[in-house]
Amino acid sequence: MTKKDIIRPYGDTSGDGKMQISFSLPVPADAFGKEAARLLLKQIGFDDIEICGMRDLREGYTHFIAYVVTSAAVDASRIKVKVVETPVMGMEATDEYIRENIGHEITVVGACIESDAHTVGIDAIMNMKGYNHRYGLERYQYFNAINLGAQVPCEDLLQRARAEKADVILVSQVVTQKNIHIKNLTKLIELAEAEQLRDKMLFICGGPRISHELAIELGYDAGFGTGSYATDVASYIAITLAGKIVKG
Amino acid sequence: MTKKDIIRPYGDTSGDGKMQISFSLPVPADAFGKEAARLLLKQIGFDDIEICGMRDLREGYTHFIAYVVTSAAVDASRIKVKVVETPVMGMEATDEYIRENIGHEITVVGACIESDAHTVGIDAIMNMKGYNHRYGLERYQYFNAINLGAQVPCEDLLQRARAEKADVILVSQVVTQKNIHIKNLTKLIELAEAEQLRDKMLFICGGPRISHELAIELGYDAGFGTGSYATDVASYIAITLAGKIVKG
Amino acid sequence: MLKLEIDPGLKQRARSAAAKIAGSFNWLFDEYSSLTIERTVLRFLGIDGALKDGKPLPNVVVDHLHAKQALANGTAIPVAKAMLSGNLTAQSVAEAVGRGDLDLTNLPSVPPQEIFEVLDGLSAKMLKHIRTQRETREQLFQRFGPRRVPAIYVIVATGNIYEDVVQAKAAAAEGADIIAVIRSTAQSLLDYVPYGATTVGFGGTYATQENFRIMRAALDEVSEDQQRYISLTNYASGLCMPEIAAMGAMERLDLMLNDAMYGILFRDINPKRTLLDQYFSRMINACAGIEIQTGEDNYLTTSDAVEKAYTVTASQLLNEQFALLSGVKPEKMGLGHAYEIDPELESSFSYELAHALLTRELFPDSPVKYMPPTKFASGNIFKTHLMDAMFNFTGQLTHQGVQLLGMMTEAIHTPHLADRSLAIENAQYIFKAVKDLDASLSLAPDSFVNTRANSVLREAVEFLERVAEEGLFTAMARGEFADIKRPENGGKGLDGVFRKGADYFNPFLDKMKQELGL
Amino acid sequence: MLKLEIDPGLKQRARSAAAKIAGSFNWLFDEYSSLTIERTVLRFLGIDGALKDGKPLPNVVVDHLHAKQALANGTAIPVAKAMLSGNLTAQSVAEAVGRGDLDLTNLPSVPPQEIFEVLDGLSAKMLKHIRTQRETREQLFQRFGPRRVPAIYVIVATGNIYEDVVQAKAAAAEGADIIAVIRSTAQSLLDYVPYGATTVGFGGTYATQENFRIMRAALDEVSEDQQRYISLTNYASGLCMPEIAAMGAMERLDLMLNDAMYGILFRDINPKRTLLDQYFSRMINACAGIEIQTGEDNYLTTSDAVEKAYTVTASQLLNEQFALLSGVKPEKMGLGHAYEIDPELESSFSYELAHALLTRELFPDSPVKYMPPTKFASGNIFKTHLMDAMFNFTGQLTHQGVQLLGMMTEAIHTPHLADRSLAIENAQYIFKAVKDLDASLSLAPDSFVNTRANSVLREAVEFLERVAEEGLFTAMARGEFADIKRPENGGKGLDGVFRKGADYFNPFLDKMKQELGL
Ligand code: B12
Ligand code: B12
Ligand SMILES: Cc1ncc(COP(=O)(O)O)c(C=O)c1O
Ligand SMILES: Cc1ncc(COP(=O)(O)O)c(C=O)c1O
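Chains as they are written, first to last, in the numbering used here: chain A, 1 to 248; chain B, 249 to 496; chain C, 497 to 1014; chain D, 1015 to 1532.
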């Protein structure tokens, strides 16, 4: 393993391991509190602990700001990234691709499920207008995009998807407090399995805290995080569905 | 051990273990880089790793901002804080104390040693004017304060201290890059020992990264960090020297 | 001083178009009532608590009457009747209905005079309690001195009222003037108000009367410690606007989110239901001396802050007119706007300065509610902290009434204790740094800032005149507001609106109108 | 536009007092030279390199003559003589002296005409090189467009020139316009310039000619990538002012820290030595088209920014007059000031606005060098980041020339890669947000900001007139500057100042004076 393969944090000298940390503890803002903070960082395994900021948060809490050194290192050759691997095509190219390889419109039903009302993200992907100068799926010739909007119960989404004979289901989850997104996404997949819909459609989820990896883990086909565009999703759908046709 | 004795970071729920972290890695700002960052945090031992910020620093580096959960906890009953334990008196009280318990002027020689030119800190302690409405040692009736200023070689400081028959040496160290302060402070103590001066005077150091604990570790009698005032130092000196007279 | 030169003709046109729009709903306000209005009456009569399954007793009673199609004349009379017949308190009446022991449509007849006496007594008592709460607040402000301008407003949102208390007390000690307990996700859509102290919520803590009480008590305590009156706020909007307003009045909340149109546009609640409910709920706020706050910021979380700036102005003007109809005084109208400008926009600060000054110029007496950057907040906490600083700068420079502090973790999670503390530090530093800056500066009349403010107002006027022409409901149905189509008979809660019967009676409505001089 | 109304009489008095003070040193400038001036001559003649023990050859030669008390007439003549006698290059002469093989006081006589011819040739060649470097810079600015105002200036300070290069390139790619390689602690006090590429320094990297060359090459590369000319800067001040200025001229540095009085006040270097050295070093800067920057910020790192604001103004006026005497044009005078205000002070921003505008008003052509908060930077990186934002706001609003970006870790460590990047992000965001804000605003003449600026200028004038009266050296000896007493014959380096002999010759001084029209 060459030296380059070892990845360590960098402050101002290669491999110096410097990190910035801040956190609050239920301790007073005094020497005792500072020592508690130092011991905590030591217990985590940090060296060269420099607690440079200590702010009294009142009610018995104190905020600490520290610089520390970690001896942790990551072996670059062991990093396996699960990412959506299909190439990204523009709108016209995708439409063209679908015309040639699939030959009919793809029906996509999307929603923010359960308690989530954050529609901006899924609108960015689905609505005509799109996002950041990329049109949404509605604008594509070969997509029939049905956006059910906010707070759609999983049951309703699946029912509609069945009714529309959807090829793809798109789900958005933005709120993640207490891992509510995991619960909701899992519920949808379990229902889909129970209703024998899981294998009939692509299940795709998205949101700022969603990664492709997490999506796979939860039983989805793909996941899209912050900064995704309709082009990414449309290309993925087109190429993946075309692949299924070939295989099937 | 009661629950209260276990100290854990607090985000918005007791003991949730939340911490904020940022650091740079020699990786590109992409899925590979993000995964490297995640693995690094995992290796350190964090859970619920949420990498919320990724900033391209150019030249092959990327900056990550993350929130994580630590399972580390500190046992409050095991925290031992080394702090200066003498009570803090005002200027008049200290003078009065010295008059009664020591009976003569205390001579203090101070300096920023070696390469360090940051005099503001030691001036705050020694000069007439003081700092934040606390007068410096010069203003005390019972202190003869000799401030040698910036960049004083250790040899010169000790020579002057000997010449003045100093009771106390005050050293300031502000620059800490590459632990230069440790080197300089160690050099002074070793020279003092070689010259048999160590036991003849109190050795006190100070600076923003100095703690009493570090000072003790380096062989000093006391250390004063950020936010110290002349009152702290003067009280410590008076009470400690009075104690020595009693013992001696 | 930074002062805009605004075409007075435009101001005049703006107000008359808005007044025309708001003034066309007398038919609704006079002739209709809703389930939540009736539940409010019950709460005011003293009915509280819930069944084992969580269904609140006010809902039990109203649903009971509704199911029997006996709601047209309101709930006050049947409950009073039952009280008299059984020599019961209102609460025992409700409990009996809850147990299925009592049918309110099948009561022995009672002389109307007795009924009105009972109701007069109970309503006088409740209105006195509310007045006392208002006076207590006024005395506390008298004692501790007035709120700072802009006031420092922070949210707590742990989901657990007891955890919220810790965070609220800490925030108050650090300098917060107003604590908002954020509601659990989409409480707007619940057609009841949960009961009791709650410890589980998503993205916030349920608005319940007990939670209000717990937090008010905690803040009264800190107010003493800090020798500064710490205000409490929560949300009225949704399917229970008047009920929550009533709870706020009873528990001495000091401000309440109460937007005339939020429910319609952003929660798909039926337009008639929303306008009707806000009318009564704001009257309650007015009687209680509670400062209302409106939700113009919501327009900008989905639309562009420059392109759609006029929608904020238009909504402020409408909110003002609707509030006047409910007897809310201008100095209690916290009209909203927000620093939702794209940080990548050149001269973003100048745009915002123009918008912030326009609000102040149009509503000089309003304790304007100024919302922080949220849409462009990103996972880069350091950048978000700076955007919040620019927002704080604008708030102090233009003397907004209430500064809803931004959090550097806006894009990540509901605020941690330290996030809130850093937000307060941010505001305190900037407020102090630019304290009197305004006094040194003036605005060139042909400057970008002045020109921009005038053009936003012009767009708002043109928009409002168009809406006045076609009518608010038609305009909403066509998606003129926030690009969302809301048909008059669509949305949630329409079935909870009913036409009053000939003998309809709401003892509070009449008394409040009188008290407010309406 | 934000424009101060300053009493024109005060401006006039300020300039004449400063001119009187600076104008009284002709005796020093005309009749004296120093060790470092002579070493500069040698460097310009082509002598470079060092002995095994690190002693640079220019020092070897000068010390050799000095030891033999043969320096009065300068080093140029003896070296030229040795070249002619031995048919050697200047470098071989120095090497021979270094080996102890050559005694420059014991040379066969050579016709003076030949000597002057040799020196004329060598000096013409070097001045041509310097001119070419200047033209190269001008062409690059022509090609890539002018520097932004304020320019984004960041420091690198790893101690290792190669690590510095990585950080500098990253910073340039992110938007920095000027890279400063901070010097190793107290290089000011070295009476020689270290030789070669260096990788170990404390708090910074040694200023050496090779380090200059390495960094310039790296930045030339990024300039091409970015299609933006990235400037390089370093420090001249100290015991080697003219030598470092010469190295900067040869290696195309674009700016140099060069303060007329910094060495005296903040490094306890002898007053005569400092003034003499700065005179020649600034002439070199002027010929090379290098923008000088002065160190007024140093006054405020120890004194209060409000109380001692006038010392900044006074120093700017003096630095200007001294610079004019060395032929530096106003548009190359980066006079300094600093945002060192206490963040706890009420209206801190308004104070700073007054100070920043005053500098711009007094020196409208100066690419003012604006320093960030450092003294009140604390370990609370979030707060420091905000103070830096207010500093950036002021810089853009008042169009300062060069913005030395503050780092949120100012109180902790020399900047990490990410710290610098966040600082650039801070500046870029704020600069953009308030880009044209200035155009919308004006200042009330009786406002706090205007009044404050006038009163600072008045204090500065009174101070300078007092100093003009008693003389600069006397005033310094009495501690009038920065509260530090600096006697005329105290401090380091006085023994390196000598009176010129009758046959003294410095081929560069005369030619430069001519070129600069002095
Ligand atoms: C706008 C906004 C709102 C608006 C939403 C309006 C609307 N119609 O969507 C309103 C005001 C209604 C709102 C309300 C609430 N919000 Co909100 N809101 C935000 C805000 C400011 C921006 C979100 C946004 O629009 N981002 C822009 C879009 C374009 O980005 P995106 O969603 O990430 O989408 C992109 C990708 O993720 C991806 N993507 C997303 N979905 C999908 C789906 C598919 C299939 C694919 C392929 C891709 C994809 O593609 C998109 C384009 O690139 C964030 C804070 C922030 N700055 O992020 C808080 C935030 C998300 N809200 C939050 C909360 C808590 C709430 C409330 C619960 C608060 C309350 N108690 O009232 C309520 C309730 C909402 C609910 N029931 O869900 C929290 C969530 C905390 C957490 N992590 O759990 C945040 C982070 C704020 C905070 N710090 O507290 N909110
Ligand atoms: C002012 C300043 C300067 C001034 C110093 C002027 C002077 N006469 O002192 C000048 C401009 C000269 C300067 C120069 C340099 N500085 Co400087 N400077 C600072 C600055 C901005 C403030 C320090 C200060 O005055 N603090 C205020 C005093 C009151 O606090 P204090 O020192 O902590 O003292 C208190 C306590 O610590 C204690 N105390 C301190 N000493 C003692 C001694 C005793 C006996 C006792 C009892 C108590 C005590 O009591 C004091 C009162 O409470 C800091 C950044 C910052 N904001 O902290 C950088 C900083 C300290 N400087 C730094 C550097 C690198 C330099 C230079 C090396 C840069 C360069 N390459 O040129 C030079 C060289 C200086 C040298 N040779 O040492 C770094 C140090 C990095 C590190 N951790 O190693 C800092 C942190 C800036 C940075 N981020 O890069 N600097
Ligand atoms: C006016 C108004 N009411 C209510 C709310 C939130 O309540 P809910 O999420 O229950 O709709 C908001 C949130 O932005 C608001 O602006
Ligand atoms: C004008 C000037 N020269 C030089 C320096 C630093 O160089 P040194 O530390 O070697 O004195 C500074 C630092 O602030 C300065 O302001």
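Worth flagging that the hints you see were computed from the coordinates, not collected in a lab.
Errors might be hidden in some of the hints.
[Unchecked claim] Computed list of lysine-lysine pairs in DSS-like fashion (alpha-carbon distance at most 30 Å, straight line):
1. B/LYS290 <-> A/LYS178
2. D/LYS1514 <-> B/LYS426
3. D/LYS1082 <-> D/LYS1506
4. C/LYS499 <-> D/LYS1069
5. D/LYS1082 <-> D/LYS1066
6. B/LYS426 <-> D/LYS1069
7. D/LYS1066 <-> B/LYS377
8. B/LYS290 <-> A/LYS187
9. A/LYS80 <-> A/LYS165
[As the list claims (entries may be wrong)] Across the chosen pairs, the derived CB separations fall in these ranges:
10. A/ARG160 <-> C/THR585: 44 to 50 Å
11. A/GLY60 <-> B/ASP295: 23 to 29 Å
12. A/VAL120 <-> C/ARG709: 32 to 38 Å
13. B/GLY491 <-> C/VAL696: 56 to 62 Å
14. B/ARG408 <-> D/LYS1527: 43 to 49 Å
[Stated by the list, open to error] Covered stretches of chain C (chain A as the covering partner; in silico rule of three or more C-beta atoms under 8 Å from a C-beta of chain A):
15. 659-672
16. 953-965
Keep in mind the model is a prediction, meaning the values are calculated, not measured.
Don't be surprised by glycine CBs; every beta carbon is placed ideally from N, CA and C.
**Message:** I want to verify a distance hint. Is the separation of the beta carbons of A/VAL120 and C/ARG709 within 32 to 38 Å?
**Reply:** For A/VAL120 and C/ARG709 the Cβ distance comes to about 36 Å; the hint holds.
**Message:** Assuming the hint says 43 to 49 Å, is it satisfied by the Cβ distance from B/ARG408 to D/LYS1527 or not?
**Reply:** 46 Å, holds
**Prompt:** Are at least 3 residues of the segment 659-672 of chain C within less than 8 Å of chain A when you compare beta carbons?
**Reply:** holds (count 5)
**Message:** Tell me if the beta carbons of A/ARG160 and C/THR585 are separated by a distance inside 44 to 50 Å.
**Reply:** At roughly 49 Å between Cβ atoms, C/THR585 and A/ARG160 fall inside 44 to 50 Å, so the hint holds.
**Request:** Given the hint that D/LYS1514 pairs with B/LYS426, test it: the Cα-Cα distance must not exceed 30 Å.
**Result:** 44 Å, violated
**Item:** Proposed proximity, A/LYS178 with B/LYS290 (alpha carbon, max 30 Å)
**Value:** 20 Å, holds
**Asked** Taking the CB of B/GLY491 and the CB of C/VAL696, does the distance hold inside 56 to 62 Å?
**Response** Roughly 58 Å apart at Cβ, these two residues keep to the hinted range, so it holds.
**Prompt:** When you check the alpha-carbon spacing of B/LYS290 and A/LYS187, does it fall within 30 Å?
**Reply:** 28 Å, holds
**Request:** Please count how many residues of the segment 953-965 of chain C have a CB within 8 Å of a CB from chain A and say whether that reaches 3.
**Result:** violated (count 0)
**Asked** For the pair supplied as a hint, D/LYS1082 and D/LYS1066, is the alpha-carbon distance within the 30 Å limit?
**Response** Holds - the C-alpha atoms of D/LYS1066 and D/LYS1082 are around 23 Å apart, at most 30 Å.
**Item:** Pair hint outcome, C/LYS499 versus D/LYS1069 [Cα-Cα no greater than 30 Å]
**Value:** Violated. C/LYS499 to D/LYS1069 sits at ~67 Å, over the 30 Å cutoff.
**Pairwise beta carbon distance, A/GLY60 to B/ASP295, judged against the given window 23 to 29 Å** = 25 Å Cβ-Cβ, so the 23 to 29 Å window holds.
Taken one by one, the earlier hints fail for this structure at numbers 2, 4, 7, 9 and 16, listed in ascending order.
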